[in-house]
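**Q** Below, each chain spelled out in residue letters.
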Amino acid sequence: MKKILIADDDMDIVELVKNRLVRNDYDVIFSNDGDDAFKKALKHLPDLIIMDVMMPKLSGGEAVKLLKSNDKTKNIPVLFLSVLAANLPSDAEFRGINVSGKLYPAITKPFEADELLSAIRSLLGE
Amino acid sequence: MSLKDKKLFSLTPLDEVSVLRKFAILFLLSSIIPMTLLYFVYFKGSKIGIVAMILMVIGVLIGFFSIRSLLSKAFTIAKKNREELSPYLNPETVKELDEEENELAVLSHTFSAVIKQFDNNITELKKKNAELQALDQLKDDFVNNVSHEFRLPLTIIQESIRQLSEGMFGEINEEQRKYCDMSLRNIASLKSLIDNMLDISKIKKGKLQLFKKNVDLETIIKEVVSDFSQKFEQKGLTVKINFPSQPLEVLADQDKITQVLINLVGNAYKFTPKGCIEITAQKNDSFIECIIADPGIGIAPKDLTYLFSDFYQIGRWEGHQEKGTGLGLVISKSIIELHNGKIFVESKEGIGTKFTFTLPIAVEEKGTIA
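For the record, the sequence lines run as chains F and R.
In terms of our numbering, the first sequence opens at residue 5 and continues consecutively.
In terms of our numbering, the second sequence opens at residue 17 and continues consecutively.
Derived from the structure by calculation, the hints contain no laboratory data.
Hints are not guaranteed to be accurate.
[What the hints assert, rightly or not] Heads up, simulated DSS-like pairs for lysine-lysine below, C-alpha to C-alpha not over 30 Å straight-line:
hint	chain 1	residue 1	chain 2	residue 2
1	R	Lys238	R	Lys286
2	F	Lys72	F	Lys6
3	R	Lys207	F	Lys22
4	F	Lys69	R	Lys218
5	R	Lys155	F	Lys106
6	R	Lys111	R	Lys155
7	R	Lys286	F	Lys106
8	F	Lys61	F	Lys43
9	R	Lys221	F	Lys106
10	F	Lys43	F	Lys69
11	R	Lys207	R	Lys194
12	R	Lys229	R	Lys370
13	F	Lys22	R	Lys194
14	R	Lys228	R	Lys111
15	F	Lys106	R	Lys228
16	F	Lys72	F	Lys47
17	R	Lys223	F	Lys69
18	R	Lys238	R	Lys290
19	R	Lys238	F	Lys106
20	R	Lys155	R	Lys223
21	F	Lys47	F	Lys69
22	F	Lys106	R	Lys144
[Unchecked claim] Covered stretches of chain F (in silico footprint by chain R; criterion: 3 or more residues with CB under 8 Å from a CB of chain R, positions within the stretch not fixed):
hint	region
23	12 to 18
24	22 to 35
25	105 to 111
[Claimed, not checked] Pair ranges (Cβ atoms, derived):
hint	chain 1	residue 1	chain 2	residue 2	range
26	F	Lys72	R	Glu362	17 to 27 Å
27	F	Ser126	R	Asp319	43 to 53 Å
28	R	Thr372	F	Met58	54 to 64 Å
29	R	Asp301	F	Leu128	27 to 37 Å
Keep in mind that this is a model prediction, so the values were computed, not measured.
Even for Gly, the Cβ is constructed at its ideal location relative to N, Cα and C.
Excised from the complex, chain F in its bound form (with noise of 0.2 Å):
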């Protein structure tokens, strides 16, 4: 079974996600900062990473700036679940958010419950 952490400040975004994913055969592990999801990335080394932008401590960007600073986590994929999505050029092909110059896949929030899994399923090479 795949694993999947859920970093989001919200409580009910991550209850919702969280239901929707393990009811889609996911396993499913939260945090709700960028610092403790770092730390829970070390620690479970899960197969993909849902990341918000907007958290305490530690925003969505820094947690993936460290994550792939470090060797072990460097290689799990990210997508990131945000409000600021909407922002982004509505491009039909690729819609990302940039960390350090690379573009990481992203959804906006409110997200549609298919584009969703069919991202997280792509990200997992499913």
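Put chain R on the given structure of chain F with help from the hints.
**A** Relative to the frame of chain F, chain R by itself:
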């Protein structure tokens, strides 16, 4: 300092008639007396002297009448100006001018008072304009923030109801489904309102980006019409699409053009109680033209002026039933103009409305159809 202290003319108060009378006496005294003296002293009563004298008198009279007519015109102008300009002056100035008896002074004072007043008005307008611009910026920032703040709760509401309606927590009955669907439908319209507000705020800041590529307009139109087909059917409306035989490739941002068509077709749907909505696309030399014509309620001339303005909704205060944000057409216009196209409207109340927009034809070498 009152206007009276600033008199440019130190003449005693005169009316028109007395000015002319005094002028005539002065004129005659100053010309005829020296000429008579000249006649007796220099010409000594000769015949040539008489002729010269008569000619001089004629000359003096012509001069007198032409100057009199000029003066009289000046008085008329002064009176007229005073009447015409008084609405632009503050009441105090008008009162002072009314007390003023010298017409020429009034003329001069009126002008200087008007210029001063205009100067004040311009300064005031500049100040107000700066205030409005600051307010407008504040509004854009507010819209941007609010649209983000709305997104999070909306995500939670939408996802909760969707999970309920998908039966994740047990089967739901028909009535429960109906209520879930109702909620989801309204969440979707709230979401589109927020998206529109964000679009407007991007457009205002010049941050709306386009991803242009060669796309087939016919496909986009057909997709939009097919999305609306159920709604059309329910309302008893029909749709007629006219396409030419050749392909309708345009260089455009597919998502954005879809958005424009949804707005225009949506408006046609909203404002047409019955009949046939006609969508026509045709190719010209360098652009493709798309026309959406409906036999609907039409738009009043007073509304046509503001049709492409922010938040403007026809009959908003007249208890109109149709929902909307009043942003659709502003966004559509901006999108079309960002594509170097044009959008315009023709409408007659009770007859119908016709929206036309143009888009540049696709570029040859990048012949990819999305």
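**Q** With reference to the structure, classify each hint as holding or not holding.
**A** Going down the list of hints, with the structure as the test:
no. : hint                              : result
1   : R:Lys238 <-> R:Lys286             : holds, 19 Å
2   : F:Lys72 <-> F:Lys6                : holds, 20 Å
3   : R:Lys207 <-> F:Lys22              : holds, 23 Å
4   : F:Lys69 <-> R:Lys218              : holds, 28 Å
5   : R:Lys155 <-> F:Lys106             : violated, 33 Å
6   : R:Lys111 <-> R:Lys155             : violated, 44 Å
7   : R:Lys286 <-> F:Lys106             : violated, 45 Å
8   : F:Lys61 <-> F:Lys43               : holds, 13 Å
9   : R:Lys221 <-> F:Lys106             : holds, 26 Å
10  : F:Lys43 <-> F:Lys69               : holds, 13 Å
11  : R:Lys207 <-> R:Lys194             : holds, 20 Å
12  : R:Lys229 <-> R:Lys370             : holds, 27 Å
13  : F:Lys22 <-> R:Lys194              : holds, 26 Å
14  : R:Lys228 <-> R:Lys111             : violated, 65 Å
15  : F:Lys106 <-> R:Lys228             : holds, 23 Å
16  : F:Lys72 <-> F:Lys47               : holds, 15 Å
17  : R:Lys223 <-> F:Lys69              : holds, 27 Å
18  : R:Lys238 <-> R:Lys290             : holds, 21 Å
19  : R:Lys238 <-> F:Lys106             : violated, 37 Å
20  : R:Lys155 <-> R:Lys223             : holds, 16 Å
21  : F:Lys47 <-> F:Lys69               : holds, 17 Å
22  : F:Lys106 <-> R:Lys144             : violated, 46 Å
23  : 12 to 18                          : holds (count 3)
24  : 22 to 35                          : holds (count 3)
25  : 105 to 111                        : violated (count 0)
26  : F:Lys72 <-> R:Glu362: 17 to 27 Å  : violated, 57 Å
27  : F:Ser126 <-> R:Asp319: 43 to 53 Å : holds, 48 Å
28  : R:Thr372 <-> F:Met58: 54 to 64 Å  : violated, 43 Å
29  : R:Asp301 <-> F:Leu128: 27 to 37 Å : violated, 51 Å
Taken one by one, the earlier hints fail for this structure at numbers 5, 6, 7, 14, 19, 22, 25, 26, 28 and 29, listed in ascending order.
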